[in-house]
Amino acid sequence: MLKDHAKIIHAVAVSGEVVGRKKLQKMIYIAKKMNFPFQERFQFHFYGPYSEELTLRVEELCNMGFLNEAKEDKGNYFQYRYSLTDSGKEFLGLNSIEMPSLQDCLGDINGQSARFLELVSTILYFDNLPETEVIEKVHTLKKSQRYTDEEMAQAFGFINGLQQKAKH
Amino acid sequence: MGYSTEKLSEEKVFKDPVHRYIHVRDRLIWDLIGTKEFQRLRRIKQLGTTYLTFHGAEHSRFNHSLGVYEIVRRIVDIAFEGRPEWNEEKRLLSLCAALLHDLGHGPFSHSFEKVFDLDHEDFTQAIILGDTEVNEVLSRVEQDFPKRVAEVIAKTSEDKLVVSLISSQIDADRMDYLQRDAYFTGVSYGHFDMERILRVMRPKEDQVVIKQSGMHAVEDYIMSRYQMYWQVYFHPVTRSAEVILTKILHRAKDLYQNNYSFKYNPLHFYSLFKDQLTLEDYLKLDEAVFLYYFQMWQEEEDQILRDLCTRFLNRNLFKYAEFDPAKEYKKLAELSALFVKAEIDPEYYLVVDSSSDLPYDFYRPGEEEERLPIHLLLKNGEVRELSRESEIVDAISGKRRTDHKLYYPADLLEKSPENPYVKQILALLI
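Heads up: the protein sequence lines correspond to chains A and B, in order. Position 144, counted from 1, in the first sequence is what our numbering calls 144; the numbers after and before it change by one each time, with no gaps. Position 111, counted from 1, in the second sequence is what our numbering calls 111; the numbers after and before it change by one each time, with no gaps.
These are computed hints drawn from the structure, not numbers from a lab. Hints may be right or wrong, so weigh each one.
A few chain A residues that don't get close to chain B, going by computed Cβ distances all over 10 Å [what the hints assert, rightly or not]:
no. : residue
1   : 14
2   : 34
3   : 91
4   : 104
5   : 107
6   : 127
7   : 131
8   : 146
9   : 167
Lysine to any residue pairs mimicking SDA-like chemistry, simulated, CA-CA at most 25 Å apart [claimed, not checked]:
no. : chain 1 : residue 1 : chain 2 : residue 2
10  : A       : 74        : B       : 396
11  : A       : 142       : B       : 206
12  : A       : 3         : B       : 16
13  : B       : 114       : A       : 127
14  : B       : 90        : B       : 236
15  : A       : 142       : B       : 204
16  : A       : 142       : B       : 382
Yeah, the Cβ is synthetic: ideal placement off N, Cα and C, and Gly gets one too.
Using the sequences and the hints, build the whole thing.
Here is the structure:
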């Protein structure tokens with residue numbers, strides 16, 4: 001019970017601080033694609049994979065006082081920062097989560113820009129397609145982002161690296 | 001004349017309690033409605049277990065799918081027709097995607113998908129792209145037409161304007177189910193002025209925007225979503241039925257995996273239990289099939305499966321207590337241990353249900369590029385996110401309301417009032 005909540009708290013705990021809701025969404029999606037057992041269901045939305053379940057779960061964790069959410073007005077939009085509270089630490093102490101290589105993977109993911117993570121998560125969303133079709137999909141669906149060949153290659157390399165880390 | 005432009009000799013109409021009439025003139029749409037995969041939706045209720053709370057809620061996904069089609073038909077044939085931003089060639093693609101958007105839903109979808117780790121969206125894709133009657137009909141338009149329809153429904157199409165008609169924060173899907181669910185449940189919350197919204201919708205680049213003059217109609221729609229969630233979709237009694245249904249499916253799966261010998265072989269479930277579900281097997285599942293097994297499982301030797309099925313069919317649901325995980329998570333561990341001592345398996349009889357277990361979409365202005373919000377088209381041609389203009393929307397989208405409840409079988413506990421562990425359980429629960 002509350003195991004799925006505990007997994008999200010654990011993800012934020014091992015990441016230190018996560019800046020941006022979009023980034024948090026992409027981090028959990030990518031980790032899930034690396035076979036970490038997150039239960040939230042993702043669908044493709046205008047800006048890539050998105051989970052309403054995850055949004056609600058994070059809201060619940062903030063209401064419970066296990067996660068702290070700081071809101072900054074950026075003019076045209078708001079940005080949110082997430083970190084673990086003391087109550088969250090205590091909860092996690094009693095509901096320990098075993099995902100040994102998660103910290104390593106999320107550390108790498110959290111270190112990337114939201115733009116790059118949007119590319120990585122879009123590539124992973126179409127991982128049932130051959131690589132050339134995936135690239136074509138990204139160019140079609142993310143036209144406005146104008147991803148370069150270099151970024152595309154970096155993203156594939158990044159995914160390979162994560163897959164190796166996630167195995168350990 | 002090609003199949004895609006072929007019209008019926010006379011317009012067909014379906015009488016509908018929400019939209020009055022659903023009009024079909026295109027041969028393609030008529031043929032799709034007649035396929036066996038689309039007819040299957042008659043046997044899947046739109047609101048799953050809600051009929052156990054609101055007895056009128058027996059309407060099906062078939063009704064809703066026709067309703068979504070009708071709304072999109074009105075948008076493209078009336079609101080968008082002749083506008084330079086709208087490409088008439090997208091009309092048929094929009095209508096087919098609207099009609100077929102829920103094609104892959106299974107019986108009692110929410111619980112079913114959770115237990116067997118399935119996603120109806122995957123089955124919608126499989127039905128449209130697989131060896132099915134729907135695929136055969138769509139392929140008559142063009143060879144790649146099924147793929148284009150499937151991509152719109154999966155929201156991975158490059159035709160983002162068409163996608164946003166079917167799936168955005170103000171789309172035909174939501175506009176139909178809010179009104180339809182309100183009508184069939186009999187509540188008075190889900191009503192809003194859809195005609196007004198349709199009149200002020202405008203295609204703009206790759207999204208649908210709303211003329212500023214229509215803001216108040218949109219406010220009503222947002223309020224209706226908010227109220228329907230708390231009053232109907234997340235009703236605690238419906239959630240109790242959903243909890244029991246989930247536990248029935250878990251128990252049956254668990255028994256199968258432990259080589260339990262069922263008195264009545266659950267043939268329809270075998271491929272699900274073995275994780276080898278084919279499209280053919282999936283299409284054989286509907287709510288009548290599930291209810292048949294629940295009926296039969298009331299006579300099983302396994303006490304838990306028997307009890308849960310009897311509860312579900314006779315609406316003898318679990319009671320609930322408000323639960324605050326922040327303050328009470330230690331109490332939960334204590335309760336769980338007491339249930340074990342009282343010989344009531346907490347895995348099946350003590351359940352926390354959270355609002356995040358029923359992901360539903362409140363309106364979210366969102367962070368930049370998190371999720372596309374509703375945009376108003378201002379008089380000067382600029383677009384602005386809805387909650388920046390509407391104080392009402394700002395008020396309900398800025399506040400977070402979440403909910404958790406603890407479900408338990410009160411009647412089972414009350415049968416053993418002298419049991420010291422039960423006494424402790426009741427003291428903690430009440």
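Of the hints stated earlier, which fail here? 3, 12 and 14
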